[in-house]
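Q: Residue numbering for the sequence shown follows full-length UniProt numbering, starting at 1 and increasing by one per position.
Calculated from the structure, these hints are not laboratory results. Do not rely on the hints blindly, as some may be mistaken.
Said to hold, decoys possible - Taking CB as the label site, the calculated pair distances span:
#: 1; residue 1: 4; residue 2: 75; range: 37 to 45 Å
#: 2; residue 1: 657; residue 2: 5; range: 24 to 32 Å
#: 3; residue 1: 1235; residue 2: 1115; range: 28 to 36 Å
#: 4; residue 1: 57; residue 2: 640; range: 46 to 54 Å
#: 5; residue 1: 28; residue 2: 292; range: 45 to 53 Å
#: 6; residue 1: 555; residue 2: 657; range: 17 to 25 Å
#: 7; residue 1: 991; residue 2: 146; range: 23 to 31 Å
Stated by the list, open to error - List of simulated lysine-lysine pairs, DSS-like, C-alpha gap at most 27 Å:
#: 8; residue 1: 448; residue 2: 467
#: 9; residue 1: 1133; residue 2: 1195
#: 10; residue 1: 391; residue 2: 582
#: 11; residue 1: 66; residue 2: 414
#: 12; residue 1: 156; residue 2: 558
#: 13; residue 1: 1040; residue 2: 984
#: 14; residue 1: 583; residue 2: 619
#: 15; residue 1: 1133; residue 2: 156
#: 16; residue 1: 448; residue 2: 371
#: 17; residue 1: 582; residue 2: 619
#: 18; residue 1: 619; residue 2: 448
#: 19; residue 1: 1248; residue 2: 1219
#: 20; residue 1: 582; residue 2: 202
#: 21; residue 1: 827; residue 2: 907
#: 22; residue 1: 467; residue 2: 414
#: 23; residue 1: 414; residue 2: 448
#: 24; residue 1: 66; residue 2: 16
#: 25; residue 1: 944; residue 2: 754
#: 26; residue 1: 371; residue 2: 156
#: 27; residue 1: 1246; residue 2: 1204
#: 28; residue 1: 511; residue 2: 582
#: 29; residue 1: 511; residue 2: 391
#: 30; residue 1: 907; residue 2: 183
#: 31; residue 1: 1040; residue 2: 583
#: 32; residue 1: 1246; residue 2: 1040
#: 33; residue 1: 1195; residue 2: 1266
#: 34; residue 1: 448; residue 2: 511
#: 35; residue 1: 448; residue 2: 156
#: 36; residue 1: 414; residue 2: 511
#: 37; residue 1: 183; residue 2: 202
#: 38; residue 1: 1248; residue 2: 1040
All C-beta atoms, glycine included, are put in the ideal place defined by N, C-alpha and C.
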Amino acid sequence: METTVTVNVVVVYERKEYYVSTQASSDRKTLLVDLLQCQLLSLMGVMLDEQILVSSTGEILYSPTKSDIETIPLLGTSQPRFFLLTSTTSTSEIPEMSSDWRQICTKSTFGDVAVVQPAFRKIAPSGGDPFNTLICEPCARTCFQSVNPREWNESKVVASRFISEVTVVAGEVDVAAPTGFTKLPVDLNYSASGDYVYLCVKRGGPRASTQLHVQFEQLGGDTSANADVSLLCNPENVIEVDCNSGGVTGDGTGMRVYVGYDSVQLKGNMEQLETLAITDIAVVIGDQRPPSTSYIMVTRNFNEGIRGAQPIFLYYRLAPLGGFVCDSSQDHSEFGECLFAARHLNGLNSMQDFDERRLTFAQSTLLAERKRGDAAIMDAYYRQHQPEMLKRLQSGLQRAQSYENKQMQEEALKRIPVDKLHERARANPSPMLLYQDELVKQLLHWFKGEFFTWMNQPRCSSCNHEKTRSVRTEGPSTAEEIAGQASRVEVYMCPACGSFTRFPRYNDPVKLLDTRTGRCGEWANCFTLCCRAMGFEARYVLDVTDHVWTEVYSEHFKRWLHCDSCEDQLDSPLTYEVGWGKKLSYIFSFAHNEVVDSARRYTQNWAEMLSRRQSVSEKWLEMTISQINHGLWEQLTPERLAVLTTRARAEREDLLRGRSVQMSAVKGRVSGSAEWKSQRSEDGKHEMDECSSPFCRTGRNGPSVLEAPSDANERAANAIQVVTALSSKGFSSPTLAMLLCPTRLTDIRNFLWKNQPLLYLPLQDAPFGDCSVPLIDVSGHHNHVENSQYCALRKPFRIPGNDGRSEDRAFGMQLLEDKVLVISGLKAPPTTGFVLSLLLRVDQNESYDVEQDGIANVLTGRFDAPHTTTEVQWRIFWSHSQHNFTCELQVGNNAPVSTACSLSVLKFGQYAHIAVMQSENSVGMYINGTTIVVVDGEYRASAKDITIRGPARGCSSIAAVISHLVMLPANSPQDVQEFCEQMKKNFVSAPPLQAFGPQGERSEERCSEVAAGVQSGYRVARVLMWGGQFFDGIQFVYEKASTLDDKAGSESAVYSSLVGNANARRQESNPTATIELLPDEIITRMNGRKGAWTDSVTLFTNFGRTISCGGNGGGDFSVPIPAQSEIRSITFKVGDHLTDACAFVLESSSFKELEGDTIQELDEVLPNEYSSRQSAIAAALRYLENIVRQPEEPKFQRIRASNKFFASNVGVLGNEAAKSFMLWCGFTAIMEQEDQFFAFQPPQLKGKPSPQRLAAEAHKRIHFLKNVVNLP
């Protein structure tokens, strides 16, 4: 009996995945049909004689009409996927195919299912994408033409239909997707404890995802119970982010969940047009429905085994790589909609709806026609490009054969210090294993460091100016250029003297031995000759994407070594793909007696490289190179032929093995440099005040509500008893950590403890096993609460002062629909009034069953007091029609009082502080320090039970996250108002910076600079720029907002990452332009010039100053940021040049306050009489503008009071008024020899300020005089 092995397969039935362990042949190439049929009968109830099994390419593997099959082939995927259909369903529910199906629109046969078929596209006008409308052959008319397969492969529209990559991000609710990815809006950790986890997808890449995998890893406890859930497979890509991130319970048990996926080459893949790939992914909560019936369910619940959590599933939709649905829109033809619209089928949404005839005959017929048509078009294209490719191969071979010229080699040896190279090779303490290889390395070092030089542009031949500019390219004309085999001559003009300088691109390697300069072509040409002169077996390597280098054969490694003289690199073949980011295609290696297609040596991803090799067919190329080599080898001796044959065989095997990256292969990559220095926002210099924790005081000082013994040992024993008692009640270690003393004065616990709380639930508790999680009260009154409804815990909740370190992360409790937190039997000292305080974030989960109208109850709170009628309820509603929140307050049986909240007070996804106060004569509700609603009356301030309820049942798209719920004694609304203002200022996280590019807002972009954040405590102090002909880089410098020190580089400075290319990094310590901002000065606008990349950038400040850097090319652009906003950081996409500008801004309320205060100050010092007022302002502008123009000139910084112009324009205000006005303008009155002067000495400046700082202070005042007072 043949040996079998167990394999795991996925079978899709009725749009759900089922996971089956079955038997395959020992080589895992075939699957046993009989066993699989019985398993499908047992698992899905489909009778054997009704089963139709279809592969992922649409091929029927077995069916009632194909029943003599014993085995079916297994594809080389991590977990093969099949589709199970039933013959009874396919014959009873699907209309029969029409006899004229080939003459009518394919939607009349296949409905809305994408199938591979001959494609026709609209002849689009200029600027339109013709692939926006694709139709089938029967519908094609005069306005459509057949789709070229090369156009299909290059179409961004076609590529964007498929998901190319998948990743997972975890963290805060607003965690950003990686660049290029789109974040799916549903939390994979929805209703479960732990981080917010989102699936992110990327479209339009060179590959297409074909299959999703959800894998479980059981932690602790008994893992056997889940053995049937976690079938083993090895996806092509596994995303190493736990989708249950942060949800592992306190006892170490739980489940880790990972997502994986397989993919196939999309671009250039004309052999697998019928392969099914993923076009969309959806995350679905509970019993909600997927976007349509065409989606397939991955039946693995992300919340598997989590008590109280709703199930979360992935759904995906498939289509063949070469498939499409005939477009029946108005663009279908020049006559409007499809002529066959009345015959379109509406009940077909996926391949699983097909009957056997559609699966076999119809699909295969169209696929064959498509492939025949594509092949004919590509054959014609290939024949057109074959002569050019053959010429390239012959030219490269001739160049390599020229290096065998003995006279040329002798000329090279005259320049090479052979003895010195041998001496260096022998002296190297860490040589290569073979002496010849070490000698190659020494030749490489010498050539790079001592012999050849790189040429960007030549110096002026007349005046030696180094910044010449390219003006044209022409053919060789002088005798020297022709003799040196110059392929072309670059002509440069000197900006200084106007002379022209010629730079011939010589191809004669002997000539290059004399010129010893050039670019990669000259370097590789000359270096390969030097290698042959030294006796090394060397090949000249041509990369058709415009680079050349050398390969040298190593007898030790028995293979060819990559050798790039420009980069001084040996055996780092992935440098160009990994380090430089080049999109390589054809690469050929030329020796004097062979030509090799060596492209595989220089790539990690052959399939992707293959998609770019579209000039000729691979079969023709292989045959042509073989014929060239055959002609060369006919002239060899049998011994040499045997050597080359053995090497060629070994090289083919080596190229097929693939490559892995070495550290040396990343050299030359264009990437950002490290920061100049990194500094945290806290300085650690403050000493802690006395700790306010009641538990700490119990052990040390004795609080007002608890008596503490005087003996230190007894206090320590009491503290141990407290911790032991709490541990016995099930509190986890993270929960008990809330009892520890805060490490910072700014910690929210320290602030709330100082207010003597009656109840304090930090809600930082960790889930613990499978039991009801206790929530700790750290007020010292032991009002601990049971989380009886298993509300999700430890959902990330951003609180200022938590600087990003993991031990300082803040969390909250998530209240979903109808979830409730009940605090009953509250034990607290009597008080005349109290305030319930909590931090809140309301999230809108964009799931599919989103309420479109009506009013949603977001959060409800209630105070119950026994034996009274003063029950207090407060509610927060969301109006879907009005798009705003409403707060409502109801006391007893009285009618509720409601007030609408503006989005500036309460908004989805942003943080807020909620406070509800109850005193003996009023009840009030406050949000972020703003009084929302107050109800006056005589009430008894008492509460024994507190209930906090989440969104009402049915509001599945809304979730409320609360944190640090506390009840404090309060005596008056004024006390509450002050408390609320402190909470908002210190503990309500501000909205993230908004991102804007030249095209408008970018909602998914997030700023990575911590110091740029609203609540970092830093301001933008300086901006540094680098550039020349183009804009090369930018860097922001931040300082503590309170810093008024005029000295640059103070200890409070924090440098952002330098966003720049290699030019900027080389000149990092010498920026091209710098601007130092005043304490009240901010960057308000950004514009510049750009073409394919950014040519220049100009920034504007609120004081009317600018900083510019870069060249004059390209066209104008501007970043449209909102008025009165501040730019806090700027990023670019960095390569050889900078592209894709993005500014991060915040709405600057301080900017508005500053202007308001300034207007008031001016009104106070200036007279009301218009003429005198305007004359004084005009004179002050004249004085200040002189300082701006020439800040180093002392005479403009002193004004004699007796000067006629001053006296007639400013002096007329009167002595005191003139002094006050001039002081506002920065001029201080001084007396010299009984004569009064006004010296420009702004009080903000210390010591001897720089001219730049003087000019900045003058600019500031000019801005307010011109723009705030509106003087033209």
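Q: Could you run down the list of hints and mark each one as holding or not?
A: Hint check results:
Range check, residue 4 to residue 75: about 18 Å between beta-carbon atoms, so the 37 to 45 Å window is missed. Checked against the hint of 24 to 32 Å, the pair residue 657 and residue 5 passes, with Cβ atoms roughly 26 Å apart. Our hint of 28 to 36 Å for residue 1235 and residue 1115 is violated, since their Cβ atoms are close to 56 Å apart. For residue 57 and residue 640, the Cβ-Cβ distance of about 47 Å falls inside the hinted range of 46 to 54 Å, so the restraint holds.
The hint said 45 to 53 Å for the Cβ distance between residue 28 and residue 292, and at roughly 35 Å that hint is violated. Under the hint 17 to 25 Å, the C-beta atoms of residue 555 and residue 657, about 20 Å apart, fit the expected range. Checking the proposed 23 to 31 Å range against residue 991 and residue 146 shows it is violated: the Cβ atoms sit about 52 Å from each other. Of the pairs offered as hints, the one joining residue 448 and residue 467 holds, with about 24 Å between alpha carbons and a cut-off of 27 Å not exceeded.
Taking the CA atoms of residue 1133 and residue 1195, the gap is about 47 Å. The hint is violated against a cut of 27 Å. For a cut-off of 27 Å, the pair hint linking residue 391 to residue 582 stands: about 24 Å separates their Cα positions. Of the pairs offered as hints, the one joining residue 66 and residue 414 is violated, with about 77 Å between alpha carbons and a cut-off of 27 Å exceeded. Pair hint residue 156 plus residue 558 does not hold up; C-alpha atoms about 43 Å apart against a cutoff of 27 Å.
For the hint linking residue 1040 to residue 984, the alpha-carbon distance of about 20 Å falls within 27 Å, and the restraint holds. Restraint check: the Cα-Cα separation between residue 583 and residue 619 comes to about 22 Å, which is no more than 27 Å; the hinted pair holds. For the hint linking residue 1133 to residue 156, the alpha-carbon distance of about 20 Å falls within 27 Å, and the restraint holds. For a cut-off of 27 Å, the pair hint linking residue 448 to residue 371 is broken: about 51 Å separates their Cα positions.
Our distance criterion of 27 Å between C-alpha atoms is met by residue 582 and residue 619, whose separation comes to about 25 Å. With a CA separation close to 39 Å, the supplied pair residue 619 and residue 448 exceeds the 27 Å bound. Distance restraint check for residue 1248 and residue 1219: the Cα-Cα separation of roughly 23 Å lies within the 27 Å cut-off, and the hinted pair is therefore satisfied. Of the supplied pair hints, the one linking residue 582 and residue 202 holds, its CA atoms being roughly 21 Å apart against a limit of 27 Å.
Between the alpha carbons of residue 827 and residue 907 the distance comes to roughly 34 Å, so the proposed pair goes past 27 Å and is violated. About 34 Å separates the Cα atoms of residue 467 and residue 414, which puts this hinted pair outside 27 Å; it is violated. About 17 Å separates the Cα atoms of residue 414 and residue 448, which keeps this hinted pair within 27 Å; it holds. Note on residue 66 and residue 16: the hinted pairing holds, with a Cα-Cα distance of about 25 Å set against a maximum of 27 Å.
For the proposed pair residue 944 and residue 754, the alpha carbon gap of about 23 Å is at most 27 Å, so the pair holds. As the CA atoms of residue 371 and residue 156 are separated by approximately 21 Å, the hinted pair is consistent with the 27 Å bound. In summary, the hint linking residue 1246 to residue 1204 is not supported, as the alpha carbons are separated by about 31 Å, beyond the 27 Å threshold. The hinted pair formed by residue 511 and residue 582 fails the criterion: a straight-line CA distance of about 30 Å is larger than 27 Å.
Simply put, residue 511 and residue 391 have alpha-carbon atoms about 24 Å apart, close enough for the 27 Å limit, and the pair holds. With a C-alpha separation of about 20 Å, the suggested pair residue 907 and residue 183 falls inside the 27 Å cut-off, and the hint holds. A threshold of 27 Å between alpha carbons decides the hint, and for residue 1040 with residue 583 the separation of about 45 Å lies outside it, so the pair is violated. This hinted pair checks out: residue 1246 and residue 1040 have alpha carbons roughly 17 Å apart, not beyond 27 Å.
With a CA separation close to 24 Å, the supplied pair residue 1195 and residue 1266 stays within the 27 Å bound. The suggested pairing of residue 448 with residue 511 holds, with an alpha-carbon distance near 18 Å, which does not exceed 27 Å. A C-alpha spacing of about 42 Å is found between residue 448 and residue 156, which places the hinted pair above 27 Å, so the restraint is violated. Among the hinted pairs, residue 414 with residue 511 is consistent with the structure: their alpha-carbon atoms are about 13 Å apart, no more than 27 Å.
Under the criterion of a C-alpha separation no larger than 27 Å, the hint pairing residue 183 with residue 202 is consistent with the structure, at around 9 Å. Restraint check for residue 1248 and residue 1040: satisfied, since their Cα atoms lie roughly 22 Å apart, inside the 27 Å limit.
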